[in-house]
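> Just so you know, the sequences run in chain order A and B. Following numbering that gives the first Met the number 0, the numbering of the first sequence begins with 0 at its first residue and continues without gaps. Following numbering that gives the first Met the number 0, the numbering of the second sequence begins with 0 at its first residue and continues without gaps.
The reader is advised that the hints may include incorrect statements.
Capping the alpha-carbon separation at 30 Å, the derived lysine-lysine pairs in DSBU-like fashion look like this [what the hints assert, rightly or not]:
#: 1; chain 1: A; residue 1: Lys63; chain 2: B; residue 2: Lys277
#: 2; chain 1: A; residue 1: Lys63; chain 2: B; residue 2: Lys282
#: 3; chain 1: B; residue 1: Lys41; chain 2: B; residue 2: Lys201
#: 4; chain 1: A; residue 1: Lys63; chain 2: B; residue 2: Lys309
#: 5; chain 1: A; residue 1: Lys63; chain 2: B; residue 2: Lys266
#: 6; chain 1: B; residue 1: Lys282; chain 2: B; residue 2: Lys31
#: 7; chain 1: B; residue 1: Lys42; chain 2: B; residue 2: Lys31
#: 8; chain 1: B; residue 1: Lys282; chain 2: B; residue 2: Lys201
Simulated from the structure, these hints should not be mistaken for lab results.
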Amino acid sequence: MKIGLFGFLFVMWVLILAGGGILVTLLGPFSISGYGNFDLLLTSTLKAIIAIILVLVWILVLSKLKNWIFKKEIKS
Amino acid sequence: MTELIIPAIVSCVVAFFTVYVITPPLIKFLQKRNLAVKDMNKKDHVMVVRPGGPSIIAGIIASELVLYGFFQINEILAIMITSFIAFVIGYVDDRKVMGGWFKPVALVIASAPIIFLGTYDSDLSFPLFGTVQIPALYLGLIIFMIPITGNTINSIDVLNGVASGFMIIASFSLSTALFILQNYEIAIISLPLGFVSLAFYKYHKIPSKIFPGDSGALTLGAMYGTIAIVGHVEIIAAVALLPAIINSFLFLSSMKRIVEHRQIKGKPVEHTEDFKLKATNDKTAPVTLVRLILAGGPLSEKQVGYAIFKLAIFSGILAIITAFMMRVSI
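Go ahead and model the full structure; you've got the sequences and the hints to work with.
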């Protein structure tokens, strides 16, 4: 086992930290108003959709990284 | 703080010795009933009994009951009930072969006590950046968390001692993080998980005398997930669990669906003549953590186990660094 798996773990960790930053800065102050009782529901739903998109992007980035890191690992 | 020392010591002793004492008679009982499976990674025809789940759940319930005697908080009840439901789900799967969908779907039920007992906070905390309030999304997170942690630990239970050894490292890292965050009550409540795993490791380590089975692995994973939620340390818990998450991620991204190991035709790993483990070139086989560890060449089962433990220690250190970063805000 070379550096590949440790590197992948480290990249995952950095992506979690960065994703958290985006989530807090983007979603933290975000709120919808003007729809009365539906304000909270709409805000929550939109926040959920954005968060899910972020998670999907995270998985996609990891998937590309996985192919890149481990192809190198297997070849070496 | 000092008033918490006695409950902490008593519960840890109870957790450790319940599993340590119960497991040998459980092994004999399972041997008598012929509830054994072949250890696939041994040269000779070695049969190992399973499941060890009953002794694991006994240790968890006994130690958490002791803690409930000291502090009557709903978080302890949530941990006990969720772990017990996960144990029952795992035990059903141990006794009767269920489909690949069964465990993830059934484990959603195990997350119900956390919601009904109100032992969660819908604010999700991130290191450096602070918290974000996501009430609707957080409920979804709870529902997914227990199936994910349960199945993640179950999926790493592929070699002698790996699931219990990995859980020792991950759970003690999580407990350390909780102490760093000064969440002392939950930190103490979390300690029995490490001690239960430690006692079980004595019988599970190579050469295994007992396998945890689905009931044992799901119980450990569900308790870990519940601690993450009730302790508000979801991100730290995910970091400490990263090697196991990588395993599930690699498996799912190569198979593109939820499937039981026994349903897969392609073998990710095979044996050399001296019975070392070796990665295969089978393109139909799933990519797993073990397969990647073996990409560099054949290794013994013990060496692969230690490689996984090294990764677990690395992510445990990252989890503790994350806990320190939680106290910093930019």
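> Work down the list of hints and note, for each, if the structure agrees.
Each hint, compared with the structure:
Of the supplied pair hints, the one linking lysine 63(A) and lysine 277(B) holds, its CA atoms being roughly 25 Å apart against a limit of 30 Å. Between the alpha carbons of lysine 63(A) and lysine 282(B) the distance comes to roughly 18 Å, so the proposed pair stays at or under 30 Å and holds. Annotation: proposed proximity of lysine 41(B) to lysine 201(B) holds, straight-line Cα distance about 19 Å (limit 30 Å). Between lysine 63(A) and lysine 309(B) the alpha-carbon distance is near 24 Å, which keeps this suggested pair within the 30 Å criterion.
For the proposed pair lysine 63(A) and lysine 266(B), the alpha carbon gap of about 24 Å is at most 30 Å, so the pair holds. Between lysine 282(B) and lysine 31(B) the CA atoms are separated by roughly 41 Å; this puts the pair beyond 30 Å, and the hint is violated. The suggested pairing of lysine 42(B) with lysine 31(B) holds, with an alpha-carbon distance near 24 Å, which does not exceed 30 Å. Simply put, lysine 282(B) and lysine 201(B) have alpha-carbon atoms about 36 Å apart, too far for the 30 Å limit, and the pair is violated.
Comparing the model with each earlier hint shows violations of hints 6, 8; every other hint is respected.
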